[in-house]
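Listed below are the residues making up each chain.
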Amino acid sequence: MAKSSKASKVRKARKAPAASAKPSAASDPAIAATPTLVSSQAQGKADSGQPEKLEPVLDWMNKTRQWGMRVKPGKAGLRLGDLNVGIYGEIPMQWSDQSRNPRGAVPRKGMPPVGYSVREKVGMWADSAADLYEEAIQRRWAPATDVPWNTIDKLPDDIERAICQVCTELSQFANVEIETIAGWQHQMVYGYHEVKQYLATASFDAAKHYECFRKRALVNGGGLGVEGPGQVNRMILESSGGWSATVAYLVLVRAVFTMTILKYLARHAYNDAERFIYEHVLQDKARLLTYGLDHLHFAVAHDDEQPAVLATVLAIGDRVLTRDLRDPALREALAIIFGRGIRGARRQGMETYEEMMADFMQTHLGYCRWLGIARAPAEAMPPPLNRHAGASVAA
Amino acid sequence: MSEAVDTSGEHELDLGWMDEKGPWNTKAEESRYGLTLADIQIGEYGETPDVSDNLTGRPRGSAPRPGSYRIGNYAVRTKNEIWLDNASFLYEEALQRQWSSATDVPWHTIEPLPDDIEQAECQLATFFTEVEFVAGDVPARWVSETTPDFFEARQVLLAQVMDESRHMDVFRKRAMANGGGLMQATGATSGFVGSIDLSRDFTEMSSRLHLSGEGAVLTMFRMGELMAQNEAEKAMYRLCAQDEARHVAFGVMHMRYMSAAAPERREEIHCYLDEAEGQIVSGVGNPAARGGPVGESLAILLGGGKDKFDEGMNMLTAIRRRQFREYKKRIVSAGFGERFENGRSRLMEMFEEAA
Amino acid sequence: MAKFPSVRWFDAVREVFNGDESVQGGGGGYCNCVAGMKVGKDIFVLTFEGVECTDAVKADDAALDDVDFYLDMPPADWREMIANIHTNNGADRHHTLNTLDLEREDGLATSHHGDQYREDLFFRYNQTFQYFFNASARIRTDF
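Chains as they are written, first to last, in numbering that gives the first Met the number 0: chain A, 0 to 394; chain B, 0 to 354; chain C, 0 to 142.
Worth flagging that the hints you see were computed from the coordinates, not collected in a lab.
Keep in mind that this is a model prediction, so the values were computed, not measured.
Just to be clear, a hint being listed does not mean it is correct.
As the list claims (entries may be wrong) - Covered by chain C, according to a simulated footprint, are these stretches of chain B (three or more residues, beta-carbon under 8 Å): (1) 209 to 222; (2) 265 to 272; (3) 314 to 325.
In this text, a Cβ means the ideal position worked out from N, Cα and C, and glycines have one as well.
With these hints in hand, go ahead and build the complete structure from the sequences.
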């Protein structure tokens, strides 16, 4: 092949013996005070129109905090968590660096801060984040092509209307998840990149959920219903005091609620397409739940104040959730789906709904107990949560 | 058996909500690529408002609730600020073309390299690890501030956040997979005026991030594939370049839409381009600029070693010319080509100076 | 045995490529574009839709006005690339499409229209095109 001589030289040179430079395992990272952008400006230029021969400075060579890393892929490939070895696996409780200095790299002094508000490990960390990140990538799916849309047949009007209402509200739930996670991601420091990376998958998942519920609503002769009452949406979005409090609302309240709905919907699905959607969204949500529980567990274990703060946060959340639950749209739509029509909704559908809500509360309170977050006794909770919590205790 | 229906124990239903709904009798049909976002843009559900009054975060086309709180903190509510005509297409493409840095890169093909080459590769990997998340952080922030009425564009940006996360991860993996490690950060993405981070307008941000920044990084990824020492690096750079090209496509198409829909903003956008060309594209802000840790690393990798630095630098200069040419053609494609005709752009002049 | 270049050769590669689900993941996937292949004076137009290459036709120079981009190499260089792919069961690192593009003075991928957005499809779908040509390792080629 007629290749350029330059290219041939590249290949020839690659076979040359090793150069002598060897980085030191740095006790002194030799932090440069001058940013790259300035130092490179000092390079000269040609006065004849030809590029001046540039002498390499190479002052960046040998600047490393730890050299000689050779992480090998395992059975599941080369995973993010595999990289946490040596100094690269040291994850401090505080991360004061306000640049995008990768954890373990030699920092550069004098950089204007990016401006992060979540800078402590206790405020965002979860040991499972790296694994959840890889799992999310491996278990990806695409609503356009993976959902067997052709299995959806015409349904009775009341059932179609109910499904469309549920899809409208679930789509809106996903929207809140998107806006919440995306709104926090950029506020988190780089030192805990595993969490930022997992959250990138979580917001991408939520985008998929937003999309697939919308698609289901628009595919079978129906349309979107009425927007949800949005009290819990507001609560999640407005919980700006700290990511942990947001996680309490987004995960302990909303995700557990959504997952319970999805479990019951999967059991009562009318076709394979719906079953596929509910089951796959459920497994995506399960990752969010794992992250949330893991993070809150870490936060509670490392911050004595956190259990009490979260208890207060959730007590406020009970009252807000109660206001959403008073709205009939989601409740009755679910009952219609579970009861296979309006007629069945009045008894069997509502009984299933009540069972579902008890299941939700039991799960929610169980997680709170596991985390050591004190909750009010069932009788002290606002209705209808008191009923569901009571039922769950009885169960 | 009695025919009478036992209604004892039955719950009363309200059912008033059943009359509150968006346009009904909607039946989207699958196309040959499945049921895509484009397929559900039918009837009123496909209509995007020029200015969104949706402050409650309701799904576009759903029936509003008069009592809903205005909880949407949406700075971006004007369509031309964020829209692009092929958002649905780019989103579906992004979903279909995802890959895994753990399993789709043949890491086992990596073998020990000469120290100068390994150091250059690790310096480059450190730089990419550092810069990739600016391209994740910033779009995420804008997603949270954009009304869901323009959700198609948001979906593409969320896919980008995912892509950038994977890029950050794959370069960290590369730095630690072959006897090296991370080196010194460059500080290239800090919060200085005119940076991608600090843009207070989406289009300003997009011009910096998608067109100037990612256009430059796309070329660097392609260089990475060219100078790869093994199949793992080949795959890593090639797959990153694909993603990056999608992000660049977002920028081109958004700018094209903006140019047509808001001609009154054309001069302002030219100013962003002036600034970007002086910094990210042709100036020292270009990571592929001569000199500095990244430029020197590239020269070592392109030349094939520290002792072939000059050859590498010559190749880098040649590739930068192509980078400039591609940038220029993208700006033309985006609808701002007159800057190269009327003498406004000093791109080639600046390039000659920088080279 | 299919002779390169010919519609029959491209059809044979299409059949292998379209029948291999593994190339639809790992960075492959949806690819929607029309790409020209210029082998000296011989011109072919390939249509990619979804995850398949749906069509390959012989064309004339005017057809290159309409393609998103086209790959242009002298016949000897095409032959070397394809032989390399056959020998290594996929392009070695000196014969990938991107490398060939950057090593050539005028590039490998180009267009008549000069619209970089459309030319960028070569980068956006690069892994798919690489998978496509790598699939040629599984057919017998005659030059």
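Here is what the structure says about each hint:
Counting residues of the segment 209 to 222 of chain B whose CB falls under 8 Å from any CB of chain C gives 3; the rule of at least 3 is met. Under the rule that three or more residues need a Cβ within less than 8 Å of chain C, the assignment of the segment 265 to 272 of chain B is violated, with 0 such residues. A count of 3 residues in the segment 314 to 325 of chain B with a Cβ less than 8 Å from any Cβ of chain C is obtained; the coverage claim is therefore met, three being the minimum.
In terms of the numbered hints stated before, the structure departs from hint 2 and from no other.
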